[in-house]
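Visitor: Residues per chain, in single letters:
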Amino acid sequence: MPILEVTGLRKSYGSTEVLRGVDLHVNAGELVCVIGPSGSGKSTMLRCCNLLETPTGGRILANGHDVTSATVDINRLRQDIGMVFQQFNLYPHLTALDNVSLALRKVQRRPKAEAEALAQVALEQVGLGGKARSFPAELSGGQQQRVGIARAVALKPHVILFDEPTSALDPELVEDVLNVMRDLRQRGMTMLVVTHEMSFAHAAADRVVFMDGGVVVEQGSAADMFERPREARTQSFLARYGSRRS
Amino acid sequence: MTGGDSGFFFTFFNLAVAKQYWPNIAAGMLVTVGVGIAVVVTGTVLGLWLAVVRALGRRALALPIVAFADIMRSLPPLVVLIVLYFGLPALGLPLSAFAVTWLSLSLVLAAYAEESIWAGICAVPSGQLEAARSTGMRWWQAMRWVVLPQALRRAVPPLTNRVISITKNTALGSVVALNEILNNAQGASSYSGNPTPLTMAAFAYLVVFLPLVVLSRWLEQRWQRR
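So the protein lines, in turn, are chains A and B. For the first sequence, the working numbering assigns the number 246 to the last residue and increments by one with no breaks. For the second sequence, the working numbering assigns the number 226 to the last residue and increments by one with no breaks.
This is chain B alone, in the form it adopts within the complex:
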């Protein structure tokens, strides 16, 4: 081994630094996983709800939903985050970094989820709803038991990709001082004067998101079979 190699290891894989700061990274992982799960749950539930309301076919309801989805899909998530973080206190509603990250990314995910699920609903032939209604089902029963199961099957592949890319955006929370992986790693890196914590952050992201990517691949294949 040459001196240059040991310099590389000293810089990016410094065991002493890693030993000192791994609790920070681990704590950041918990926050990332926590805010990620919260975003996935509220984002997809809100998106599903919006898509179903849009399917009611009332213009007065559909227009605001389309506007919401288009605006949220146009704005960079970082902008949504910053606007809400600095804007809400002005409205007398100061929220924690965790809550703002959760809210911002949920709104963005909801917009994409609404579009995916809406596309799924549109792809179900109208005869399905008619057949269900002809047996006496109410609109929402036909939706719940006949249309949505088919629509969601179509929506899952595009949706899993969105879920991954948006939950990864939890890293944006570092901008508003959310103590998630990246923020903690940057802090540790400054304190120690060594970038090893950033290497650790990369590994931490892999540990959190690689299983999610693999799961989504499995989901896509399983759901497309039928």
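Only chain A is shown next, with the shape it has when bound in the complex:
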């Protein structure tokens, strides 16, 4: 059963149409990677899924609930849809532990001790149990992004959206973050990942979605997409990406 189901999703800014009818779904426990050139609408599509952007048309079902329906409690729904940002967006005035426990306390109204215990567990899951008292500025980019993942994981969402989670990282720190994501996949977390890490998508994704010009051009298993792409646009994108990688 799909945890996330996007149908005919459209988004325009003024007269500029960024999404022109996107269809995709993510099943429970799946890791789906979205690839495509910049400006193809990948991030906009992702941000529509938790209503950081308001779609101009189409439908998004998260665990069966219509995200765009006027009657839906979006704040309730967002707790079930975690998000990890390209720029981490950690709260700089709070420690790693407080970054992770804030929503547990203020949104889920858990007592401080319980929220901090859950936050500590989430930090340990991403290998940062020892950094609970550090402020974001005292952490490396890779560590900051892992705190960002812990912040999403701690709320025990049904699905986590990743918006180019490694694009702002130094190359030597990328692998730490990808390993945490592989580990999440092993634990059965459902994930929708917009990424430029082709080798990660190839090796770790259950399915790969190629977007270009505001539509899904092609999707399939990682092996099919990378080794036997059918569409010419997919082939040329992968060829360019392949040639750029050392």
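Treat the hints as calculated values from the structure; they're not laboratory data. Keep in mind the model is a prediction, meaning the values are calculated, not measured. Even for Gly, the Cβ is constructed at its ideal location relative to N, Cα and C. Just to be clear, a hint being listed does not mean it is correct.
[Unchecked claim] Residues from chain B that keep clear of chain A, each with C-beta distances beyond 10 Å, as calculated:
| # | residue |
| --- | --- |
| 1 | T42 |
| 2 | T135 |
| 3 | M137 |
[Unchecked claim] Sample of chain B residues facing chain A (criterion: CB under 8 Å; computed from the structure):
| # | residue |
| --- | --- |
| 4 | A60 |
| 5 | G136 |
| 6 | N161 |
Once you've looked at the hints, dock chain B against the given chain A.
Guide: For chain B alone, coordinates are given in the frame of chain A:
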């Protein structure tokens, strides 16, 4: 010591005059401190509230706030004071000198505080609000726990300077006969025919405001560290 020196001391540091009038100056200090504290509290709270309402992003709410802030920052505080003191009774709302000084300076401080805090809010990257909202926080929760703590940290240095310069304007209350330091000193100086009470007023202002200046310096350094 020459006769000229003793004349200087007789004029500005006259012990007999000082002894007679120090209770007036002390009473004036209490009023200055009282109206000063009242202005700081209501002015910054009102400014914070206006900045947050402006951050809601509704044009209909933002426009009057911007207009208020710009008008209050353009008018000399003395003019605000006089207009309210002589204007409010005409509207059937006569207020005491204390209340009018409090109200006028609070409005002026609120305008500056709103601008400082608004600038602080604008300087917080939009990703902060997005991250907070993505965890299910309501707008005001994200504001309260994520955006405002960062915005206020940025707003404190410009704000402390404003707080000092506007609370010093309590001296303007003397114009509407508020019995604060300057007014009492001028009265005492007329009665005694000697300017020593004005010297005392200067010292009284130092006693009240120098600690505030030192405190603001400490605050600025402490808040900028992080």
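Visitor: Take the hints in turn and mark each one as holding or not.
Guide: Evaluation of the provided hints:
Look at T42/B: its CB is around 27 Å from the nearest CB on chain A, clear of 10 Å, so calling it non-interface holds up. Not every Cβ of chain A is farther than 10 Å from the Cβ of T135/B; the closest lies at roughly 4 Å, contradicting the non-interface assignment. The beta carbon of M137/B is not kept farther than 10 Å from every beta carbon of chain A, the shortest such distance being approximately 6 Å. For A60/B, the shortest C-beta to C-beta distance to chain A is roughly 20 Å, which exceeds 8 Å, and the interface hint is violated.
Hint status for G136/B: holds, given a least beta-carbon distance of 4 Å to chain A, under 8 Å. Hint status for N161/B: violated, given a least beta-carbon distance of 23 Å to chain A, over 8 Å.
Consistency note: the structure conflicts with the earlier hints numbered 2, 3, 4, 6.
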